[in-house]
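Letter by letter, the chains look like this.
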Amino acid sequence: MMKALFAAIAKLISGANARWVGCVPDVRQRVYFANHTSNLDALVIWATLPPDMRALTRPVAARDYWVKSKLRLYIANEIFNAVLIERKKPTTHDNPLRDMLNALGDRHSLIIFPEGGRQTGSELAPFKGGLFHLAKDRPDVEFVPVLLENLNRVLPKGEILPVPLMGSLSFGVPIKLEAGEDKITFLGRAQNAVKALRKP
Amino acid sequence: MNLKPDKQTYWLVGGVLALLLVSSLIGWLLSLRVTSDKGKVTVQNLNARIRAWWMMVAVFGLAMATGGIGSVILFALTSFLALREFITLTPTRLGDHRTLFWVFFIILPLQYYLIAIKWYGLFAIMIPVYAFLFIPIRSATAGDCEHFLERTAKIQWALMICVYCISYVPALLSLDIPGYAGQNGKLMFYFVLVAQISDVLQYVWGKTLGCHKIAPSVSPNKTWEGFIGGIASATLIGAGLWWATPFTPWQSAGMSLAITLMGFGGGPVMSAIKRDRGVKDYGNMIEGHGGVMDRIDSLCFAAPVFFHLTRFFFT
Numbered sequence: 005m006m007k008a009l010f011a012a013i014a015k016l017i018s019g020a021n022a023r024w025v026g027c028v029p030d031v032r033q034r035v036y037f038a039n040h041t042s043n044l045d046a047l048v049i050w051a052t053l054p055p056d057m058r059a060l061t062r063p064v065a066a067r068d069y070w071v072k073s074k075l076r077l078y079i080a081n082e083i084f085n086a087v088l089i090e091r092k093k094p095t096t097h098d099n100p101l102r103d104m105l106n107a108l109g110d111r112h113s114l115i116i117f118p119e120g121g122r123q124t125g126s127e128l129a130p131f132k133g134g135l136f137h138l139a140k141d142r143p144d145v146e147f148v149p150v151l152l153e154n155l156n157r158v159l160p161k162g163e164i165l166p167v168p169l170m171g172s173l174s175f176g177v178p179i180k181l182e183a184g185e186d187k188i189t190f191l192g193r194a195q196n197a198v199k200a201l202r203k204p
Numbered sequence: 002m003n004l005k006p007d008k009q010t011y012w013l014v015g016g017v018l019a020l021l022l023v024s025s026l027i028g029w030l031l032s033l034r035v036t037s038d039k040g041k042v043t044v045q046n047l048n049a050r051i052r053a054w055w056m057m058v059a060v061f062g063l064a065m066a067t068g069g070i071g072s073v074i075l076f077a078l079t080s081f082l083a084l085r086e087f088i089t090l091t092p093t094r095l096g097d098h099r100t101l102f103w104v105f106f107i108i109l110p111l112q113y114y115l116i117a118i119k120w121y122g123l124f125a126i127m128i129p130v131y132a133f134l135f136i137p138i139r140s141a142t143a144g145d146c147e148h149f150l151e152r153t154a155k156i157q158w159a160l161m162i163c164v165y166c167i168s169y170v171p172a173l174l175s176l177d178i179p180g181y182a183g184q185n186g187k188l189m190f191y192f193v194l195v196a197q198i199s200d201v202l203q204y205v206w207g208k209t210l211g212c213h214k215i216a217p218s219v220s221p222n223k224t225w226e227g228f229i230g231g232i233a234s235a236t237l238i239g240a241g242l243w244w245a246t247p248f249t250p251w252q253s254a255g256m257s258l259a260i261t262l263m264g265f266g267g268g269p270v271m272s273a274i275k276r277d278r279g280v281k282d283y284g285n286m287i288e289g290h291g292g293v294m295d296r297i298d299s300l301c302f303a304a305p306v307f308f309h310l311t312r313f314f315f316t
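Protein chains in written order, with our numbering: chain F, 5 to 204; chain D, 2 to 316.
Hints were generated in silico from the structure; no laboratory data involved.
Careful: at least some of the hints might be erroneous.
Listed next, the in silico DSS-like pairs over lysine-lysine satisfying Cα-Cα at most 30 Å (straight line) [stated by the list, open to error]:
no., chain 1, residue 1, chain 2, residue 2
1, F, K161, D, K275
2, F, K15, D, K214
3, D, K281, F, K199
4, F, K199, D, K39
5, D, K281, D, K39
6, D, K214, F, K203
7, F, K203, D, K275
8, D, K155, F, K199
So here's chain F without its partners, still in its complex pose (with noise of 0.2 Å):
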């Protein structure tokens, strides 16, 4: 009941567009990966997905932001089940991708932000190695690309009160890492399929 109001309630804020460019609304297990700039953003993907689809995915945030208060954990653990991670500073007993692959489990699908943080300029960041690294471990799953975009004019880095205009979501072809693919090779093709769903 909760997950439906905020997700209505994102979209109607976001007045979120979604695009299924490259592949179909699917329960099956992927990974979802997209820039990043804004507050907004894994809030708006995990709205527009299909209620069955929204119930097994689980964003990827960072743990230092959702802590800071007892609304922002109810809202990360009770409303998008969030996996929270460490990004400051990971450990053997603090590691990011092994929290991951957990919650990948054997039916959930993530939404993560690969580039790190939020970005404010119109280009991406170098996408983080975490991504290589969950793809090498779990190739039965399908990692793909999203393009946010205009979700940075909603809600731009560092404001608090958001604009109503109209974001759009883009979902592109998924894609696998290829035998004997190396990270940079992979990192880099990851970031041209974001980057490949810009409208002309």
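Guided by the hints, dock chain D onto chain F, whose structure is given.
Chain D alone, transformed into the frame defined by chain F:
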């Protein structure tokens, strides 16, 4: 604003409903008869448009039925949706964020509040003067100089078209026309009907007889046949509705001509903006029509002119 529906209002509403019924029937017959693929697409779009018209007429009718305030709220929401579509298409920068917040949540509601309390002296100049001066001040204090004039101009233009011009439709309710007190709802109905039916008739004439394109690079579907046929037939219909207005038949014909010509002019202007941004429609809210802005472009351009003509000659 106390607008009681009278017998003439019922005639207007009944006429529109009859027209919709006939259109739905024709659309249904066409869908049975069409065979070619291209024809099927056209008829599907036609029927989607007709269905959307039923919805729009229902919403407009409901707003009218509540008296003045419902119409003000309806057009405020229309402005909000149109402005949202417009600014989404228009590149602004981070430095404009708080200005945009003002535009959506303070200037827009304020304009419609002024319309609701019928403060002509202020609603006529609030956006062209005060918002015009305030917007660059707010953006400049945000400290981003890149493309400053361009960004400011775009925001001001969006406000003028999507808020200021559209607000002239419910502003018709505030006109004090001798011998027409309490009947302004019909004047607004007349205006919207003539402007929209002109769009529809231009479409119908263009689809059936159109071959000479007016400005193919801007509006590929606009033809001279559609233009002349649409304007002439809509003006005739407008003249025939004189009994619902404060005008004589000839005055009503003149007013309708002004509405249809201005409405026609709005199309290519709003199209040119879309095409410059590389899109076909402003949005996808209204099935078959595109976005809200795609449907109201003619109202935007016709409303201020119709309001001021009526105000100058009849009050």
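Hints versus structure:
no.: 1; hint: F:K161 <-> D:K275; result: holds, 28 Å
no.: 2; hint: F:K15 <-> D:K214; result: violated, 40 Å
no.: 3; hint: D:K281 <-> F:K199; result: holds, 22 Å
no.: 4; hint: F:K199 <-> D:K39; result: violated, 34 Å
no.: 5; hint: D:K281 <-> D:K39; result: holds, 19 Å
no.: 6; hint: D:K214 <-> F:K203; result: holds, 29 Å
no.: 7; hint: F:K203 <-> D:K275; result: holds, 15 Å
no.: 8; hint: D:K155 <-> F:K199; result: holds, 27 Å
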